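*Asks:* Produce the complete structure using the sequences and hints provided.
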Amino acid sequence: MTVMDHRDQSDPAVVPGWLPGATAPRTDPAPLLPDAEPFRVLGTPAADKADPGLLRELYRRLVAGRRYNQQATTLTKQGRLAVYPASTGQEACQVAAALALRADDWMFPSYRDTLAVVARGVDPLQALTLLRGSAHTGYDPRATRTAPLCTPLATQVPHAVGLAHAARLAGDDTVALALLGDGGTSEGDFHEGLNFAAVLHAPVVFLVQNNGYAISVPLTRQSAAPTLAHKAVGYGIPGRLVDGNDAAAVHQVLTEAVERARTGGGPTLVEALTYRVEAHTNADDATRYRHAEEVTAWQAHDPIRLLEDALRERGLLDEQLVAEAADEAEAMAARMRAEFHADPDLDPMSLFAHVYAEPTQQLREQAAQLAAELAAEAEVHAR
Amino acid sequence: MTVMDHRDQSDPAVVPGWLPGATAPRTDPAPLLPDAEPFRVLGTPAADKADPGLLRELYRRLVAGRRYNQQATTLTKQGRLAVYPASTGQEACQVAAALALRADDWMFPSYRDTLAVVARGVDPLQALTLLRGSAHTGYDPRATRTAPLCTPLATQVPHAVGLAHAARLAGDDTVALALLGDGGTSEGDFHEGLNFAAVLHAPVVFLVQNNGYAISVPLTRQSAAPTLAHKAVGYGIPGRLVDGNDAAAVHQVLTEAVERARTGGGPTLVEALTYRVEAHTNADDATRYRHAEEVTAWQAHDPIRLLEDALRERGLLDEQLVAEAADEAEAMAARMRAEFHADPDLDPMSLFAHVYAEPTQQLREQAAQLAAELAAEAEVHAR
Amino acid sequence: MTTATREQSGLRTGTMAQALNAALRDAMRADKSVHVLGEDVGALGGVFRITDGLTAEFGADRCLDTPLAEAGILGTAVGMAMYGLRPVVEMQFDAFAYPAMEQLVSHVAKMRNRTAGKLPLPITVRVPYGGGIGGVEHHSDASEAYYAHTPGLHVVTPATVADAYGLLREAIASDDPVVFLEPKRLYWGKAEWDPAAGVEPIGKAVLRRPGTSAVLVTYGPSLPVCLEAAEAAKAEGWDLAVLDLRSLVPFDEATACEVVRSLGRAVVVHEASGFGGAGAEIAARLTEKCFHHLAAPVLRVTGFDIPYPPPMLEHHHLPGVDRILDAVARLQWEE
Amino acid sequence: MTTATREQSGLRTGTMAQALNAALRDAMRADKSVHVLGEDVGALGGVFRITDGLTAEFGADRCLDTPLAEAGILGTAVGMAMYGLRPVVEMQFDAFAYPAMEQLVSHVAKMRNRTAGKLPLPITVRVPYGGGIGGVEHHSDASEAYYAHTPGLHVVTPATVADAYGLLREAIASDDPVVFLEPKRLYWGKAEWDPAAGVEPIGKAVLRRPGTSAVLVTYGPSLPVCLEAAEAAKAEGWDLAVLDLRSLVPFDEATACEVVRSLGRAVVVHEASGFGGAGAEIAARLTEKCFHHLAAPVLRVTGFDIPYPPPMLEHHHLPGVDRILDAVARLQWEE
Ligand SMILES: Cc1ncc(C[n+]2csc(CCOP(=O)(O)OP(=O)(O)O)c2C)c(N)n1
Ligand SMILES: Cc1ncc(C[n+]2csc(CCOP(=O)(O)OP(=O)(O)O)c2C)c(N)n1
Ligand SMILES: [Mg+2]
Ligand SMILES: [Mg+2]
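Protein chains in written order, with UniProt numbering: chain A, 1 to 383; chain B, 1 to 383; chain C, 1 to 335; chain D, 1 to 335.
Possibly wrong hints are sitting among the right ones.
[Stated by the list, open to error] Under 8 Å between C-beta atoms, here's a sample of chain B residues computed to sit facing chain D: (1) THR151; (2) ALA342; (3) LEU346; (4) LEU351.
No wet-lab data here; the hints were simulated from the structure.
Model, not experiment: these values are computed from the prediction.
By construction, the Cβ of each residue, glycine as well, lies at the ideal position given by its N, Cα and C atoms.
*Replies:* Written as structure tokens, this is what we have:
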């Protein structure tokens, strides 16, 4: 039996052929619909049962993540990064996404997900070459099983689907996780990717970090759907809604979805409700399109604060943890400052290195031209 | 108040800004979901109450439509049409779509919807220039408020949305109806168009003629959704499911949706379950991908037969009606045969007539070149 | 091409971004059928602020923040144009116009032709264009060659503040679809211009600098560097003319041929990759039409045939003064 | 470029469509990582039957009927390639590849470069290409110029049955993405070919006909009409060479320049619209490299700068023998 036959073989409800009266829903929509309320752990009775180790791990990483966001933003102000789209306020999503995956799973981040990439284990400096402006992707995607940060919105969605499909064909139990924003759900590639995933029954999970805005455009101008998670039913996959600032909840929902995908249950669409506390990027002016009160309101619902409260409630926020987390975060920030203090030494000839497996005749000529120009320049400087 | 403010003004459930706890569904999904069973009129008690005039009108047009499909297919065999994608078996959808619109509404047909265009009132011969190969669009879209037959799948969907939006901005109560197939729903343009429609609250109706196949690809390989109508909920618009071979049912569902759009109720997605009895086009070989039994099964559920049965039941299928319908159909077929008996006289210079409002210098030169070639050819022939 | 009425007058001083903004505002004031739509064009005024203040003045119906979907934006504009509006679409960056390629090529470019003139589409597609602003990957593409090769589109790119205003007014007034390429790196350059003065209409090239040795043929973002190169060339004893094409389609062959014939030497300069770039068309066409006047082949100075580099390396990719002068030096002066 | 192993041998006779089908089958037999995907490639065997029988032999996992969404198809292929597969994508017609433009330009072409060589994408994108088959609108575009201008893509088009087999094998074996343009109107032309014989690899032009007067430089669907024109030219006293480029990227400048230098006269022929077409690059490049060997400018014979015409008029648009000979006549023989 081929992988592609799964629906016909395993689902007796599938009509063999297209016949008149093939009218009853082929899949029951009810279980696909998200709950009306987003899933929460912190501040609910479930928080008492959450694994203390996990909560402490989440805490350490959220603190480090916040610091990472701050340091990167500072570096933009110093002209050391070309641009930085901060995920401040969204650290719970970023960290939980990374922790929900196994090392041999694949992550497909969007351009805002540097922190998720770092939380996954990619070197924090290598993760920043794109935004520093020194190289496109600074890490080896194959080695880290992390796709390049993806700028053309939603284009990474079908990539994740294709990779997950290929893994399934190979008999591997690898899962792919694609990250995107609320705005990205409007793109055709989101739609096409989710539909492929559902039809291929691919082991892939989609995490929409709904932070209420696509740059300046609020959600009400982006979608009229009950929730973005409701889009799942149109593909025949389950949609889940989660409080995106509740790290334990995001972690649990994603872990369940990944497990479901891993064990042949197919794709899941997860919508995490969150907020981008900073402007879109350092180049953006958020006062043009949103009120300061909104930011204040969300700061009261800050992911670190929620986690701290829960840890404190259970007596898990000891001094050692706080100190450890702070030290870790500071060490990373110090490393970023040190490394990015000066411009890197780049080889202009690298421009021609990876256009094709072998450069064309034309590229060889162009490389020679640039080499000659650089030599001439060097001569002028030497004089 | 601008049109764009409609949601914020009229829907108090819309959260003013993006706040934590903005979690309850902004729209109630329940009324958006299609019924489990497709809507039917014929063969149900509702048929007894249906307007006799409408049923007879539908009958006449269905009979004419079937004949049109047959005659066009015959013309392909005689090499008189380049290609014809028959809508045989789908006449109920095609005719009902046309009758559900007012003259000042707009129709956006797909490449299979020649019959809908003809039912709308476009000259049957002008509607065929594309498929004959003599001209692209043979009718004046503005005069007939019928967009060109659209071949790139689903690209007409955003067109319909934009037109409907513009009409609404102008204060006109014009409605746009976009037609497409089940396969077309997989395209990004379908998704983007429906989302725009919902966000803009545009007066537009989408009719998906789900005939079970996209060329050779069956619905199970196209979508895993409960029904295609379930996609509506992901946009926050109602989805409706209808028996596409029940002309009275399609007419009623579309009329309601059009009325809803006209009176400010926003867009509707309608899925009509039907079947393409012929191959994809005359160039296709349907035996490669579907069983003959399937066709037989659908012939028992033929739209004309369903309507005949209903008319007979109510004593409305008198000899006069049958004769009238047959005569009308034959007259049209005869006109097609007569007109398409020979190749038309075309002016090659027309190639340059409508590239721009005014031809560029380069086009003028190219036109001169062609004119010279034609003159030289004529000279050779004259000798 | 049609010439838009110039209701505004009086000298203004400002950046190209401001001139473009003024052109949109004036066009919207002059003609109620002009509608702006795109991502973030409303409250934010666009990421480059070209639509700044338009929603405030004209309301969200006239300057519409759309959902994030470029094919949807352009497809919606097609429908709006079919109903009689004049949509001005903003694509946020060149590379983010690619999702709309099917709508652009299969509908926008062809609709007039497909309907024997019955459905012209007066759509302006504004595209912040090219590099040189330190943008990270996918923010600095130069995609004019795709558009220029697509029959049915006009392709325009201003290089001066006055042209930014004038050509955008012309583009909006045109009954044909216009891809309007706004050189990102010229957005913030200031100049004086008179909105009432009128500019050469779309389809007319302008000699920005006369010269007697050879001509640099260019457009859009590469004009300033060409003028700089012409200045620098004086030291080498060359008096270079600089021709600004202003539109690739229509292509002003008459003006270009006249100057090439009179000088016999030409270098085409643009920042897009050279292979199959617009420079190839220009060079091939000028050669065909001016062959016997040429003392040397028409040379091209362009971006390399590589994906656009990261910000720290982009200056090696973009044609600069030295690379242009190197090409001028290869124009076979000895003979 | 890599040269695919040729495990099959023995002369075969068949159409180009059959040769392409054989190439896919042999490639799938030789390498389990080769996967075919696209619309209707399964039970139907594709609308042109190029994938006929592949699902039967290799199963639906290896030859996959996808949902109807071209960006989704190509994007899925990107992910598959990232996991180590060699996807061969079928686009149903040229114009239906446009929805995948963003995936093609922003990812397929750039992924190797974006990842410093870590993620090469060995994807073959097969595109039934060009007109001449009586297709209604949107079924006859010739879009090679878009692809040839996009750094990171190889652009290949066979003109003979043997090349259809050989070049497709090479394309699939290539570690770079290849846009493989299959001339629709040559699908049904028959010839003998030897799959084991090997062909010139991608990047090598082939002189299909030697000649002493001038050379017709062409590729893909226009090769037969060029050969016909060369035959007809004998009556006029011209002995025309015909060069088949076979790939636009890599462009075999050495071979093309050699023949142009030796003859001094050249006409580039292709069916796509001329303005900004691949012919512009070829003419500009040959002129630049061979200037002093040219007795006349390199001329171009191409489709007009118009949307592709309806079937009954397409023969006026496509370059024919007369139009080619007219151009040859303008190669300034008098001098
Ligand atoms: C195809 C495409 N169009 C436009 C852009 C420009 N752009 C970058 S981010 C952004 C907004 C994204 O919003 P969302 O998906 O909600 O993600 P967020 O920024 O909120 O994380 C836009 C429009 C892009 N990167 N890609
Ligand atoms: C963008 C695009 N891709 C591919 C095609 C080729 N094509 C024409 S019809 C068709 C199948 C359409 O199926 P469906 O939408 O179900 O409509 P139906 O033919 O059943 O009426 C395909 C793939 C196309 N016309 N446009
Ligand atoms: Mg967002
Ligand atoms: Mg169908």
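*Asks:* Now tell me, hint by hint, if it's right for this structure.
*Replies:* Each hint, compared with the structure:
The closest approach between the C-beta of THR151/B and any C-beta of chain D is roughly 5 Å, which is under the 8 Å cut-off, so the hint is satisfied. Checking ALA342/B against chain D by beta carbon gives a least distance of about 12 Å; that is not within 8 Å, so the hint is violated. A distance limit of 8 Å between C-beta atoms decides the matter here; for LEU346/B the minimum to chain D is near 6 Å, and the interface restraint holds. Contact between LEU351/B and chain D, as hinted, is supported at the beta carbon level, the nearest pair being about 5 Å apart and thus within 8 Å.
The structure fails to meet hint 2 from the earlier list, while all remaining hints are met.
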